[in-house]
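On the provided structure of chain A, position chains B and C as indicated by the hints.
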Amino acid sequence: MSPGIGSWITLSAALFSIGLAGVMLRRNPLVILLSLEIMLNAGNLLLVAMARYLGNNEGHVLALVVMAVAAAEVVVGLGLIVALARRGSSLDVDDLKGLAG
Amino acid sequence: MQTVIFYLAGATCLGSALAVVMQRNPFQAALSLILNLFSLAVLFFVLQGDFVGVAQVLVYAGAVMVMFLFVIAYLGDRAHLELRRGGVGSGAAAVVGIAIFLEITISAHRSNGALSAPASVTESFGSPERIGALLLTDHLLAFEVISLLLLVGAIAGVVLGAGNLLPRQEARRPAVERGALFDLARARSELEAGEDMREVLK
Amino acid sequence: MSATTLAWIVLAAPMAGLFYNLIVGSSVSRKHATWAACASVLVSFAAAVGVLIALLQRSPDDRQLVSTGWTWLSGGQLHEGFSILVDPLSAVMLLVVSGVGFLIHAYSVGYMHGDREEKRFFAYLNLFVFSMLLLVLAGNFLILLIGWGLVGLSSYLLIGYWWERPAAVQAAKKAFVMNAIGDVGIALALFLLWGHTHSLDVLGTFSAVDSLPGSTTTWIAGLLLVGAIAKSAQLPLHTWLPDAMEGPTPVSALIHAATMVTAGVYLVARCWPIFRAAPEVSDLTALIGVATLTMAGLIALVQTDIKRVIAYSTMSQIGYMFCAVGIGATSAGMFHLVTHAFFKALLFLGAGVVIHALADEQDIRKMGGLGRYLPYTRTLMWIGALALAGVPPFAGFFSKDQILAAGLARADWVGYLVFGFGLAGAFVTALYTFRMIFIVFHGEPTSFARTHAEKHAGHGEGPFSMIWTISVLALGAVTIGFLELPGVSHAMRTFLEPVAPNALEASTSQETLASLLAVSLGVIGIGAAWLLYGRRSDAPRKVAEQTAPLESVLQRKLGFDELYDWAFHRPAVALARGGARAWEGPVVTGSMDLVGATGGWLSRVLGAGQSGLVRVYALVLALGLAALAAWFMAGAS
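Protein chains in written order, with my numbering: chain A, 89 to 189; chain B, 39 to 240; chain C, 257 to 893.
Derived from the structure by calculation, the hints contain no laboratory data. Here the structure is a predicted model, which is why all the values come from computation and not from measurement. Quick reminder that beta carbons are idealized off the backbone N, C-alpha and C, glycines included. Take these hints with a grain of salt, some might be off.
To be verified - Sample of chain C residues facing chain A (criterion: CB under 7 Å; computed from the structure): (1) ALA874; (2) VAL876; (3) ALA878.
Said to hold, decoys possible - If you want the ones that stay clear, here's a sample from chain B, every Cβ over 10 Å from chain C, calculated: (4) MET39; (5) GLN40; (6) LEU52; (7) MET60; (8) ARG62; (9) LEU96; (10) MET105; (11) ILE142; (12) SER145; (13) SER154; (14) LEU187.
Next comes chain A alone, as it looks inside the complex:
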């Protein structure tokens, strides 16, 4: 851990950006969810790194909370996808334009 906090921030930022790009660019809702997970994990990484560098365990607690929230969110998201699939809608985010206008 000779690299300062800067390297950890950079790594976290890179992961976050990759996840963000995935959310904005992919059209398959499953992959969007996966990218969302990457973003959440990037945040977790940063939390844990800061906890280590500050010597404070509360970062770990928050990381656990985030993990739980992520899990719940994935449940709902996958449920939506399954419901969509059962209804027969296309699984292409660009086609789900009901909120247009």
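Chains B and C alone, transformed into the frame defined by chain A:
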């Protein structure tokens, strides 16, 4: 030593993340995400976040990703459809992603050198005892709320996944006739007028 | 009541009539509205008589009264009030305008009966009478210009009264545009006047005229002359008058015979100090008068429309008036104006009776022998024609001979030109006038005339309102002349002396010589007309064959219309079209379109943000995040 692991794990992390974002096949994307999660766990261990690392492997990689894989398996062929790249705003999206990355790194490296070295911690930093104590004393509210959240999530999952919860006879009637969620008469007249179902659902 | 109060009444009455017509006209009966209009002008005439009496009660030196209503325009050094000038000259004009105006209002009750929009006609007539009175009563040049412009407007409205006829609309536009040229002339003259004297009062500027340099006075007078020429239809701004005959006959009688076209003469008479101080311009006035009276008389010889004959006759007679005021015989010109108003209006209105009887036919070649069916009208038309030809004891004799005598008295080349051409004009006038009379009223009736006239048999010659009014005019044509009986009374001249003096006095011998020559030429002209046209012989055709080239030139009115078309109209139209294509289309409309297009483009762009695509919404979120982060970074650094 730890630097080496950091770089190795970091590289795997980034590589697998890229793979998730760029893979066509969602199944392979999910598998790449699992690899990502594992490398993240390694990084957590490097950071002496033992409990979090274990939780990552057990909960995230173990449960959440398995759920993902179940759904992908359920969807089968329907999951895999991405015939064209690009679409609205993809150039801008790439630019924005790079911009955010640059902003974060630049602002991080502009700092005045604080936290250049990790604080000194005891052996039990990040151990289950410490985390558990925190969860049950200082952060009890958060703990309870998360439990509630997980309960809600479970119910949501069941409701969304179960589909029709009505008796079989009823379930055969189209959702429109069951009057589910909207004005029955208007929907009927619009359907009779030949409107697209999606228009009706608006 | 004082003269000025009465003068205000004279001015206000037709305006009140106009407003009454505007406000209640649509809800009252036709009879009510038209009689109210006539009544307002009658009130005006009564007040004008009152003004005359009030003025006569004062001593001759004390007859110039100015009354200012209120300060109308005030800014910097300009302080002009709404002021009227009551003096013998304006009193004479008031009587003519309101008197003849009243008679023509009454005539129109009969003539315009059955027209769809009669009340509009009377409203316009009231507006015209008001404008003309305003012009005549103006105490400062600004008010005069307003009256001038309003008269032009009324003329436009009345010529184009039957607006469904394209020819009428064209004629109205032509009249208005040519009058506008005159308006510009007057306005420029006023600018010069103001610039040098800092006052626009009529009386005030006259006293200042002597102190101005000669060239300035010449310019002012010249520009005023331009205005006078345009309004009075003299060469070269005369082409609008024949076309103005598209308007109803009462309009032609009132505006284009008795009053509006005489406004130019009035202007020159009123501004005599300015013209006297610019001798070259005065000579030019007289020369223009000479040219016009000759040209118009010749053209009248070949006209086939009864109203156009009389229109060219008007042009010619006004030429006489211009000669008079140009050589300095101002009161002679005014006297001719008064007598001309009577007999010319009589001729026009009599022609109106003929036209009315023949269901709006105006071509004299289709008329003939109407004297059998319209005997009273024929008699009255004879009176008018004799007055026009200058035969004693009718009015025209006295006034025309005064002008000729003044030309002799002037005794220089201008005066002799006036005398010579005036005499020739007398011959031509008699010729064309009686040509018209003989063709229309004498000889064998044409079949056209017969069918129409027999339809009217037993109904009298026309509506009563038309008959009594032309009778009054005929009476005037007979008697007015006696105001200036040589050797007996010089009522008009002495009355006008303080305000419109004559620069020259013709001796009795000159007057006698002029009268003898003029009368004999007039009688010869009548005789020639009788020979050619009175007996329906072959003679006209033979004469026409001999003079065919001359006749075609005359029939094309000496080509002025074509000249103006090529010199002014076509370039203007080309400029307008080019301007529309190059400027109005791309720039004006284009900028408007651009505004609209921008709105559309903006909405399209912004609408892309409401696409309903989740990815776009995510992109927008990320964009916001990036922007916020950048802002914080910029703020922190």
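The hints, checked one at a time:
1. With a least beta-carbon distance of about 5 Å to chain A, the hint placing C:ALA874 at the interface is held under the 7 Å criterion.
2. For C:VAL876, the interface hint is violated, since its Cβ never comes within 7 Å of a Cβ in chain A; the closest pair sits about 10 Å apart.
3. Because the beta carbon of C:ALA878 sits about 6 Å from the nearest beta carbon in chain A, less than 7 Å, this interface hint is met.
4. For B:MET39, the condition that its CB be more than 10 Å from all CB atoms of chain C holds, with the nearest at approximately 35 Å.
5. Consistency note on B:GLN40: stated as away from chain C, and its beta-carbon is indeed over 10 Å from all of that chain's, at 30 Å minimum.
6. The beta carbon of B:LEU52 is kept farther than 10 Å from every beta carbon of chain C, the shortest such distance being approximately 19 Å.
7. Every beta carbon of chain C lies more than 10 Å from that of B:MET60, the smallest distance being close to 16 Å; the non-interface claim holds.
8. Distance check on B:ARG62: its Cβ is at least 17 Å (rounded) from any Cβ of chain C, clearing the 10 Å threshold; non-interface status holds.
9. Against the 10 Å criterion, B:LEU96 stays outside the reach of chain C, whose nearest CB is about 30 Å from its own CB.
10. The beta carbon of B:MET105 sits about 22 Å from the closest Cβ of chain C, which is more than 10 Å, so the claim that it is off the interface holds.
11. For B:ILE142, the requirement that its beta carbon stay farther than 10 Å from each beta carbon of chain C is not met, with the minimum near 7 Å.
12. A beta-carbon of chain C is positioned within 10 Å of the beta-carbon of B:SER145; the least distance is around 5 Å.
13. No Cβ of chain C approaches the Cβ of B:SER154 within 10 Å, the least distance being about 19 Å, so the stated non-interface status holds.
14. Its beta-carbon lying about 23 Å from the closest one in chain C, B:LEU187 satisfies the requirement of being farther than 10 Å from that chain.
Figure legend: structure checked against the earlier numbered hints; hints not met, in rising order: 2, 11 and 12.
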